[in-house]
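Sequence order for the protein chains is X and G. Numbering-wise (my numbering), the first sequence opens with residue 1 and increments by one. Numbering-wise (my numbering), the second sequence opens with residue 1 and increments by one.
Just so you know, the hints here were simulated from the structure itself, not pulled from any lab data. This one's a predicted model, so the numbers in the text were calculated from it and none came from an experiment. Treat the hints with caution; some may be incorrect.
[Stated by the list, open to error] In silico lysine to aspartate or glutamate, EDC-like type, Cα no more than 20 Å apart, as pairs:
(1) LYS96(X) / GLU58(G)
(2) LYS101(X) / GLU101(G)
(3) LYS101(X) / GLU58(G)
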Amino acid sequence: AQRVTQPEKLLSVFKGAPVELKCNYSYSGSPELFWYVQYSRQRLQLLLRHISRESIKGFTADLNKGETSFHLKKPFAQEEDSAMYYCALSGGRDDKIIFGKGTRLHILP
Amino acid sequence: SAVISQKPSRDICQRGTSLTIQCQVDSQVTMMFWYRQQPGQSLTLIATANQGSEATYESGFVIDKFPISRPNLTFSTLTVSNMSPEDSSIYLCSVGHSTGELFFGEGSRLTVL
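If we strip away everything but chain X, and leave its shape as in the complex, we get:
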């Protein structure tokens, strides 16, 4: 069965410290993995996807098929990174997207 697990509901990190939001998945084939973000009073939006292998707002995420993980990382947290982060999985184009429960990232001054 498809499943996305984000073990942390809340993560508090000091400004300037490194950030790692954990995501593990369960999928029988080759999934597409995403990170979506929801800033306060804004709609949910895509942050990055594994196939693009790019860094967005300083965030990166590497797909580790052996560990079935797709952790989101940033070397130096900024206050504007405070938001709700959702890891998501899809079986491919035109397939539905399943979301994890989300992690609220709180950047402390």
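Based on the hints, put chain G in the right spot on chain X.
Relative to chain X, chain G alone:
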């Protein structure tokens, strides 16, 4: 990208009534998705709505409770029928892009008394 408008943005309803949420997209899209986001919880997919066919519902969701219409490639509705307080939630319309990305509406916050 796609611009998605949802109506109503919020509503307060009485138990036992029904509410229809509208979703309008500024471009033609094949697949539209309806999600529910209950307080403090993640997004749960209710159903996938393709134009010209019956919606496909996820486990735990049925057409009698959440009837969906998809009359054309830019519009869809979700009805929450015979509401109870447990249906209080944010309902989100989303559309898929050819890249696999989802675009979301701002959501419809429903409170059932």
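Original post:
Hey, LYS101(X) versus GLU101(G), does the alpha-carbon distance stay inside 20 Å?
Top reply: holds (18 Å)
Original post:
LYS101(X) and GLU58(G): Cα distance at most 20 Å?
Top reply: Distance of about 17 Å is within 20 Å: holds.
Original post:
Is LYS96(X) close enough to GLU58(G), meaning Cα to Cα at most 20 Å?
Top reply: With a Cα-Cα distance of about 10 Å, the restraint between LYS96(X) and GLU58(G) holds, given a limit of 20 Å.
The earlier numbered hints are all upheld by this structure, with none contradicted.
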